[in-house]
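Quick note, the sequences are listed as chains A and B, same order. Everything in the first sequence is counted per the working numbering, starting at 1157 for the first residue and increasing by one. Everything in the second sequence is counted per the working numbering, starting at 246 for the first residue and increasing by one.
Just to be clear, a hint being listed does not mean it is correct.
Stated by the list, open to error - As a list, the in silico EDC-like pairs of lysine to aspartate or glutamate whose alpha-carbon atoms are at most 20 Å apart:
no.	chain 1	residue 1	chain 2	residue 2
1	B	K344	A	D1207
2	B	K344	A	D1194
3	A	K1211	A	E1225
4	B	K287	A	E1178
5	B	K247	A	D1215
6	B	K301	B	D323
7	B	K247	A	D1194
8	B	K344	A	D1215
9	B	K287	B	D328
10	A	K1211	A	E1186
11	B	K344	A	E1186
12	A	K1159	A	D1182
13	B	K344	A	E1212
14	B	K344	A	E1218
15	B	K344	B	E250
Rather than coming from a laboratory, the hints here were simulated on the basis of the structure.
Each chain is listed here by its residues.
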Amino acid sequence: DVKVTQSSRYLVKRTGEKVFLECVQDMDHENMFWYRQDPGLGLRLIYFSYDVKMKEKGDIPEGYSVSREKKERFSLILESASTNQTSMYLCASSLEGRDGYTFGSGTRLTVV
Amino acid sequence: QKEVEQDPGPLSVPEGAIVSLNCTYSNSAFQYFMWYRQYSRKGPELLMYTYSSGNKEDGRFTAQVDKSSKYISLFIRDSQPSDSATYLCAMNQYSSASKIIFGSGTRLSIRP
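Chain A on its own, in the form it takes in the complex (with noise of 0.2 Å):
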């Protein structure tokens, strides 16, 4: 079975602060994905990437970037936390879309 490993559960950070999500997977699988997700606006695609050092962005990349300098690790950076990034964050990765994504069990961010 896939796994997708996010580092931290819960995490409680303070207003200013830079915040590293990290995001690991074991079946070299190419793609992967960070999103938020929030209740009643469902889940928001942050960043993508298809390759290591490739990034792409996402339906709402504002206050966010990613790294990915290793096939297996993909990076969730919060430059500056504010208030309103907290949400629960879910690292997924696929092979291909036809296999749909794995994901990891999220981290819920709190800034407060």
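Add chain B to chain A, keeping to what the hints say.
Just chain B now, with coordinates in the frame of chain A:
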């Protein structure tokens, strides 16, 4: 108008009932259709995957796609309390991984 519309519920049914969950969509180019199940405080997991129109059955679950009406359904037979979760429909145009579009999810509760 959202590309994918899904009634958020909540939907509450007695154990053993047949459950019908639905989504409508506007983009006629969608070809791949998925249903994800998300338990509380977990990431979504892929439940069903179908290509184009027709039905697909897996145990107690049946996914149905009607491309002419731009309407997809998930049926759960003999529903169990363990089926209580949020169900998200998802779809995309290509077999590549880009831009899977998710519905906002329907919260389902099965009463013992």
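Status of the hints after comparison with the structure:
{"no.": "1", "hint": "K344/B with D1207/A", "result": "16 Å, holds"}
{"no.": "2", "hint": "K344/B with D1194/A", "result": "18 Å, holds"}
{"no.": "3", "hint": "K1211/A with E1225/A", "result": "11 Å, holds"}
{"no.": "4", "hint": "K287/B with E1178/A", "result": "16 Å, holds"}
{"no.": "5", "hint": "K247/B with D1215/A", "result": "13 Å, holds"}
{"no.": "6", "hint": "K301/B with D323/B", "result": "17 Å, holds"}
{"no.": "7", "hint": "K247/B with D1194/A", "result": "16 Å, holds"}
{"no.": "8", "hint": "K344/B with D1215/A", "result": "10 Å, holds"}
{"no.": "9", "hint": "K287/B with D328/B", "result": "14 Å, holds"}
{"no.": "10", "hint": "K1211/A with E1186/A", "result": "12 Å, holds"}
{"no.": "11", "hint": "K344/B with E1186/A", "result": "15 Å, holds"}
{"no.": "12", "hint": "K1159/A with D1182/A", "result": "6 Å, holds"}
{"no.": "13", "hint": "K344/B with E1212/A", "result": "11 Å, holds"}
{"no.": "14", "hint": "K344/B with E1218/A", "result": "18 Å, holds"}
{"no.": "15", "hint": "K344/B with E250/B", "result": "16 Å, holds"}
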